[in-house]
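Keeping their order, the protein sequence lines are chains A and B. Quick note on numbering: UniProt numbering labels position 16 of the first sequence as 16, and the sequence is numbered without any gaps. Quick note on numbering: UniProt numbering labels position 118 of the second sequence as 118, and the sequence is numbered without any gaps.
If you're looking for bench data, these hints aren't it; they were derived computationally from the structure. Here the structure is a predicted model, which is why all the values come from computation and not from measurement. One thing to keep in mind: the hints can contain errors.
[As the list claims (entries may be wrong)] Capping the alpha-carbon separation at 25 angstroms, the derived lysine-lysine pairs in DSS-like fashion look like this:
| id | chain 1 | residue 1 | chain 2 | residue 2 |
| --- | --- | --- | --- | --- |
| 1 | A | K84 | B | K181 |
| 2 | B | K181 | B | K209 |
| 3 | B | K30 | A | K11 |
| 4 | B | K108 | B | K128 |
| 5 | A | K11 | B | K108 |
| 6 | B | K140 | A | K84 |
| 7 | B | K209 | B | K228 |
| 8 | B | K218 | A | K11 |
| 9 | B | K181 | B | K121 |
| 10 | B | K209 | B | K22 |
| 11 | B | K218 | B | K228 |
| 12 | A | K11 | B | K128 |
| 13 | B | K181 | B | K108 |
| 14 | B | K108 | B | K30 |
So the chains spell out like this:
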Amino acid sequence: MNLTAVWAIYKFEMQRFFRTLLQSFLSPVLSTSLYFVVFGAAIGSRIQEVEGVSYGAFIVPGLVMLSVITQAISNASFGIYFPKFTGTIYELLSAPVNFLEIVMGYVGAAATKALFIGIVILLTATFFIDLQVAHPVAMVVFLLLTCLSFALLGFIIGIWAGNFEQLQLVPLLIVTPLIFLGGSFYSISMLPPVWQTVTLFNPVVYLISGFRWSFFGLADVPIGWSLLAIAGFTALCIAVIWWIFKTGWRIRS
Amino acid sequence: MSAILSIRDLRKTYDGGFEALKGVTLDIEKGEILALLGPNGAGKTTLISMVCGITTISDGQVTVDGHDIQAEFRAARSLIGLVPQEIALQPFETVLNTVRFSRGLFGKSRDDAHIERVLRKLSLWDKKDTQITALSGGMKRRVLIAKALSHEPRVLFLDEPTAGVDVELRRDMWGMVADLKADGVTIILTTHYIEEAEAIADRVGVINKGELLLVQDKDTLMAQMGKKQIEVQLAETLNAIPPVLSDFGLRLGAGGNSLIYTYDTKGERTGITGLLNAVSNAGLTLRDVQTRQSSLEDIFVDLVAGGTA
Chain A
1 MNLTAVWAIY KFEMQRFFRT LLQSFLSPVL STSLYFVVFG AAIGSRIQEV EGVSYGAFIV
61 PGLVMLSVIT QAISNASFGI YFPKFTGTIY ELLSAPVNFL EIVMGYVGAA ATKALFIGIV
121 ILLTATFFID LQVAHPVAMV VFLLLTCLSF ALLGFIIGIW AGNFEQLQLV PLLIVTPLIF
181 LGGSFYSISM LPPVWQTVTL FNPVVYLISG FRWSFFGLAD VPIGWSLLAI AGFTALCIAV
241 IWWIFKTGWR IRS
Chain B
1 MSAILSIRDL RKTYDGGFEA LKGVTLDIEK GEILALLGPN GAGKTTLISM VCGITTISDG
61 QVTVDGHDIQ AEFRAARSLI GLVPQEIALQ PFETVLNTVR FSRGLFGKSR DDAHIERVLR
121 KLSLWDKKDT QITALSGGMK RRVLIAKALS HEPRVLFLDE PTAGVDVELR RDMWGMVADL
181 KADGVTIILT THYIEEAEAI ADRVGVINKG ELLLVQDKDT LMAQMGKKQI EVQLAETLNA
241 IPPVLSDFGL RLGAGGNSLI YTYDTKGERT GITGLLNAVS NAGLTLRDVQ TRQSSLEDIF
301 VDLVAGGTA
């Protein structure tokens, strides 16, 4: 294992993040505050409580997931797409590193950035509501796995993308709708029965439900299912990336 | 001397069936400088890309210092440095960061003294904190070289290193290549500039249409294939070669007042004395005599055109 190389990639990617630290820090704080103002104060005043939890607190796990997933995907996809775009990928391909080390470097950095944003949002939330965490270990595991698995997905998107438009396509057309319809801002028990069934095909439902369970002990789907979903998704992404490097798809001619 | 890079029957066929490389076999000795010449699309970059791991191998085998580039890719690749043809750099990074990154990527522990040496040698030290995007084209090319040298390679590939650079940088680069050779680094460079191969290479390989037409010691090549010409300028103007000179295979120069004689430098008898005597006997008056040696470029053009291959 060429850990020096993993560290080199990781550090290089993180430096990019730290160069724009203010931006990286301010935008999640601002967007979270806006969500709290709009959903927590305006709408929340009419909803009051969801299953015994104040609406302001109820949306926190969903808000964190929304940002973490978006950030993990965009950081990882950009991280690997940019070397492809500038041509510097020649160096990665000619270096004494295997696919796992490249992935560890890029995905590790993207996941770290997403985690950082997630923590910033959680801290911001404490200014608006009284946040309790019922299962702290589960909360950390869910957060880490989400950062990791969606960074893996972002990596795949970055390899697949042939231009900057395609880089935005999957997050915009697929991921954002899935997150919004995944119960970020509502409990799926609030939906009509038919839509409750349909929504179970949305993988993000399992993530948000599990994550919310770690805070309040209440979930839309059994916690086992949530863990299985996130673990399965991570495994699937790793398998796809392994195949990409084995065949050289879109990277080696 | 032993081969540090050994290429056996290397082939590349693309999905569409295009054969970019048709079975190249080549041994490169430790510490030598090999220049690969060939027109655009000849397969030079394909060959380099396959050795470096950027392009997949269709068939054949390559070893670097005894390490197979596929089975033992770590050992093989850590010995190789590559300076690509196209300028490919992350625009918003600083020079120092970019070069440090390369060293780390190749698994070498941080060595600020080495990086400083490399940057100073390439006149980049003053620019170490400058963003790549603010550098000139020539400077960017130097950064690419610094990246390749950052991890102390034993084999260095320079893919058209002086394409589009000014004379000063070209001279600098030739000097740097000589220094690297003195340190025992093996260098393989591709170039369009024949004078570059002539100036710095020990051996010259000519590639065309995916085939290695020839690999030879540069001086031997020049001596073997180099032809010399003598142009005998006359006081008189001729309409045709005088019959007494017909045995020499002469050509009448433009304007009719010179005779051009081509001879082989490897021949034991060049026939120059005989020619000059014959010219004198024919009653012609010599005004001047000039000789000209054919360059590597002439040899190259001949080979690629299929003339002497």
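Checked hints:
Of the pairs offered as hints, the one joining K84 (chain A) and K181 (chain B) is violated, with about 32 angstroms between alpha carbons and a cut-off of 25 angstroms exceeded. Distance check on the hinted pair: K181 (chain B) and K209 (chain B) sit about 30 angstroms apart at the alpha-carbon level, beyond 25 angstroms; violated. About 35 angstroms separates the Cα atoms of K30 (chain B) and K11 (chain A), which puts this hinted pair outside 25 angstroms; it is violated. With a C-alpha separation of about 20 angstroms, the suggested pair K108 (chain B) and K128 (chain B) falls inside the 25 angstroms cut-off, and the hint holds.
The suggested pairing of K11 (chain A) with K108 (chain B) holds, with an alpha-carbon distance near 15 angstroms, which does not exceed 25 angstroms. At most 25 angstroms may separate the alpha-carbon atoms for a hinted pair to count; K140 (chain B) and K84 (chain A) meet this at roughly 18 angstroms. A distance of roughly 29 angstroms separates the Cα atoms of K209 (chain B) and K228 (chain B); the hinted pair therefore is violated under the 25 angstroms criterion. Using a Cα cut-off of 25 angstroms, the hinted pair K218 (chain B) and K11 (chain A) is violated, with the two alpha carbons roughly 45 angstroms apart.
Between K181 (chain B) and K121 (chain B) the alpha-carbon distance is near 15 angstroms, which keeps this suggested pair within the 25 angstroms criterion. Taken as a hint, the K209 (chain B) and K22 (chain B) pair is honoured in the structure, with Cα atoms around 8 angstroms apart against an allowance of 25 angstroms. Taking the CA atoms of K218 (chain B) and K228 (chain B), the gap is about 17 angstroms. The hint holds against a cut of 25 angstroms. About 18 angstroms separates the Cα atoms of K11 (chain A) and K128 (chain B), which keeps this hinted pair within 25 angstroms; it holds.
Distance hint between K181 (chain B) and K108 (chain B) is fulfilled; the C-alpha atoms sit about 22 angstroms from each other, no more than 25 angstroms. Between K108 (chain B) and K30 (chain B), the direct Cα distance comes to roughly 22 angstroms. Compliance with the 25 angstroms bound is thereby established for this hinted pair.
Consistency note: the structure conflicts with the earlier hints numbered 1, 2, 3, 7, 8.
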